[in-house]
Amino acid sequence: MSTKVAVALEKGRAAEAGRALAEQISTQLSGRVPALVALFPSPAQPLAEVMAAFRAALPGAPGVAPPVVIGASTAGEFTDAGDASGAVSAFAVAGDFRVFGGMGRPLRGNVEAAVAQALADIPTELAGYPYRTALLFIDGLVGVGEEATLITAALLGPGVRLCGGCAADDWLLQATAVGCNDQVSGDALSLAIVFSKQPLGIGVFHGHQPMSDAMTITRSRENVVYEIDGQPAWDVFVEKTRARAMAEGIDPSTLHGNSDILQYFLKYETGIKTGPEFRIRMPLVRNDDGSMGFVCGMPEGTPIHFMASDAQSQVASAKAAARRAREQLAGKAIAGALVVDCGCRKLILRDRFGDAVKEMAAELGSVPIAGFESYGEIALNDDDFSGFHNTTTVLLAFPVDDGEDASAAT
Amino acid sequence: MATPTNTALRIPLSELQHMLSALGDAKARDVVGKAARDLRIVGSELDHRQALQILDLIAAEPGLVGITARFAKARAILRWPQGSDRK
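First to last, the protein sequences are chains A and B. First residue of the first sequence? That's 1 in this note's numbering, and the numbers climb one at a time after it. First residue of the second sequence? That's 1 in this note's numbering, and the numbers climb one at a time after it.
Wrong hints could be hidden among the right ones.
To be verified - Residues from chain A shown here face chain B by an in silico Cβ test under 7 Å; the list is partial:
| hint | residue |
| --- | --- |
| 1 | GLU147 |
| 2 | PRO232 |
| 3 | THR274 |
As the list claims (entries may be wrong) - In silico lysine-lysine, DSS-like type, Cα no more than 27 Å apart, as pairs:
| hint | chain 1 | residue 1 | chain 2 | residue 2 |
| --- | --- | --- | --- | --- |
| 4 | A | LYS273 | B | LYS73 |
| 5 | A | LYS197 | A | LYS4 |
| 6 | B | LYS34 | B | LYS73 |
| 7 | A | LYS332 | B | LYS34 |
Said to hold, decoys possible - Here are a few chain B residues that sit away from chain A, every Cβ distance over 10 Å (derived from the structure):
| hint | residue |
| --- | --- |
| 8 | ARG10 |
| 9 | PRO12 |
| 10 | LEU39 |
| 11 | LEU52 |
| 12 | GLN53 |
| 13 | ASP56 |
| 14 | ALA60 |
| 15 | TRP80 |
| 16 | PRO81 |
Bear in mind the hints are in silico, worked out from the structure with no lab data behind them. Just so you know, these numbers come straight off a predicted model, no measurement behind them. Backbone N, C-alpha and C fix where the C-beta goes; we use that ideal spot for every residue, glycine too.
Take these sequences, add in the hints, and give me the full structure.
This is the structure we're talking about:
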C-alpha cells in the first residue's frame, strides 16, 4: 500500500478535540493505523489531555502496532484547509514506515543527557529500512534550540535528516510542552525517528533580508545578549530598527510592557551570515537590564545583522521551502507534509497567512498538510552543519511511494 | 611550531570554518583562527591531525561554541578518514 497522509483541525476542550481528531484521522485513513501521528494543541488544550484522549480513541487493528504519537504546544495551528488559534491540528501518516519515539528531560543545563535519554531505546538501524529521519520537538523557552539540534544530529550519526521545531505557548512565554506517547513535559525534548524505504523530503526557507551592516555581540552568556558593539543590546536593537519601524507606523519609543516588545521582536529579528544565506535569530524577551534573550546560544564575538521582511516575501519563502522539500524527492508524487512555521510569520502575513499555507500545499501537488506555529524551527540535511532556524518555514514531505512494493519485488 | 605531518590529506581552513557555520561565518573564522594560533599551526591548509586538534581545542569551549565543534568533529572523523588520500 502507498503512503497516505491525514490531517485535521479541531477546536473545543482537550479531550473532545483529541477524540474528534482520532475519529477524523481514522476515517481519512480508511481505518489504516498510522505509523506516526503529530498533535499540535494551543495552550488552551493541554497537550497531555489531547494526547491521552487521541491515543485512547484511535482505533487499532489486530497485529498492528499503535502509532508513535508525538506533540508540541503551539502559537497557532493550521492545515491546508485553514488556520486557527485555540485549536489542535493533527498530522498522521500511514505506510511502510517504522517509527520509534522518545523523551528526554530536564533539558536546561542537561542537553546532551536529555538527548541521550530520548534516543536510549531507539535502534540505530533497521533491516530493510535504510533511511532515517528525525522529528524533534524542543521546549521553546529553554533557549537551547541549536544546541539540542546539533547534539541530536551528532548522536544520531551521519545520514539522518532532522526536522522539527520549538514548542510554543501563544506568545505567553510562560510554559511550553512537548510529548511522546504517554509522556508530556516542559523543560524537555521529544523525538520520533522514522525509518523508511524511501527518503523523505525536508525543505526550509525564510523571507528576511538584512537592513543593517553587521554589528558584533560584545557581551553575552548562553542565549542572553547583553551588549552589541559595546552598547546595551536593546538600545542598539531599537536604534537599528527605528527607521524601518517608523516607516511601518511603529514608534519604538512608545513600546510598553512585554507584549508590545514581543510584537516588536516578531517583526524585526537578527540574522547571522552563514555562506550565501542568513540564519535568523529571534529575540524572545527584553530583560530589565536591557539584555535580550534568544531561542539559542548567541556567543560573544558573533556578528549579527538586523533583519526584516514583508508579507510578499513571506508567501514566497513558504513556497520556496515547499519547493526545496519537493526537489529532495526528485519528482516523486507527494502524499502530504508536516509543517513547522515560525509564529512570527503570522504577524507579518496577517490574513495572508492562509495564502502561504495554500501556496505550500499547491507547490507539493495540492496535498494535505498540517502543522503549527513555533518558537524556532529545525531542519538539518545531510551536509548541513547548522540546523536551527527562526522566522522560517520547515516542511517534512512524505512520498506516495513508501517503497513497500519495490521491496516486495526484490 | 606544529607543522603538517600528513602530506596526503590537505584540509583548507575554510572547510573547518564551514563546519562551524552554526556560529555564523565570521565567528567561525574567529574561533578557528584563534585555535590555530594557540596551537601554533600556520598556513591555510591543515593535515588530518591538525584539523582534529583545532576542533578538539574549540570543543572544550563552553556553550554553543563547544557543542558546534563537537558536532563538527563527529562529522569530520567520517569526512576525513585517517589515511585518506584526498588532495
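The hints, checked one at a time:
At about 5 Å, the closest approach between the beta carbon of GLU147(A) and any beta carbon in chain B falls short of 7 Å, and the interface hint on this residue holds. The interface hint given for PRO232(A) is broken, as the beta carbon of that residue sits about 21 Å from the closest beta carbon of chain B, more than 7 Å. Taken as an interface hint, THR274(A) checks out: its beta carbon lies about 5 Å from the nearest beta carbon of chain B, inside 7 Å. Restraint check for LYS273(A) and LYS73(B): the C-alpha separation of about 22 Å stays at or below 27 Å, so the hint holds.
As the CA atoms of LYS197(A) and LYS4(A) are separated by approximately 15 Å, the hinted pair is consistent with the 27 Å bound. A hinted pair counts as satisfied when its Cα atoms are at most 27 Å apart, and LYS34(B) with LYS73(B) qualifies at roughly 17 Å. Taken as a hint, the LYS332(A) and LYS34(B) pair is broken in the structure, with Cα atoms around 47 Å apart against an allowance of 27 Å. The non-interface label for ARG10(B) is consistent with chain A: the shortest C-beta to C-beta separation is roughly 20 Å, beyond 10 Å.
Every CB of chain A lies more than 10 Å from the CB of PRO12(B), the least distance being 15 Å, so the non-interface label holds. Chain A leaves LEU39(B) outside its interface by the beta-carbon criterion, the shortest separation being 19 Å against a cut-off of 10 Å. Even its closest Cβ contact with chain A, about 15 Å, leaves LEU52(B) beyond 10 Å, as expected for a residue assigned away from the interface. With a least beta-carbon separation of about 19 Å from chain A, GLN53(B) lies farther than 10 Å from that chain, consistent with its non-interface assignment.
Interface exclusion of ASP56(B) from chain A stands, the closest Cβ pair being 15 Å apart, more than 10 Å. Remark: the non-interface label on ALA60(B) is consistent with the geometry, its nearest Cβ contact in chain A lying 14 Å away (cut-off 10 Å). Consistency note on TRP80(B): stated as away from chain A, and its beta-carbon is indeed over 10 Å from all of that chain's, at 13 Å minimum. Distance to chain A confirms PRO81(B) as a non-interface residue, since its nearest Cβ pair spans about 12 Å, more than 10 Å.
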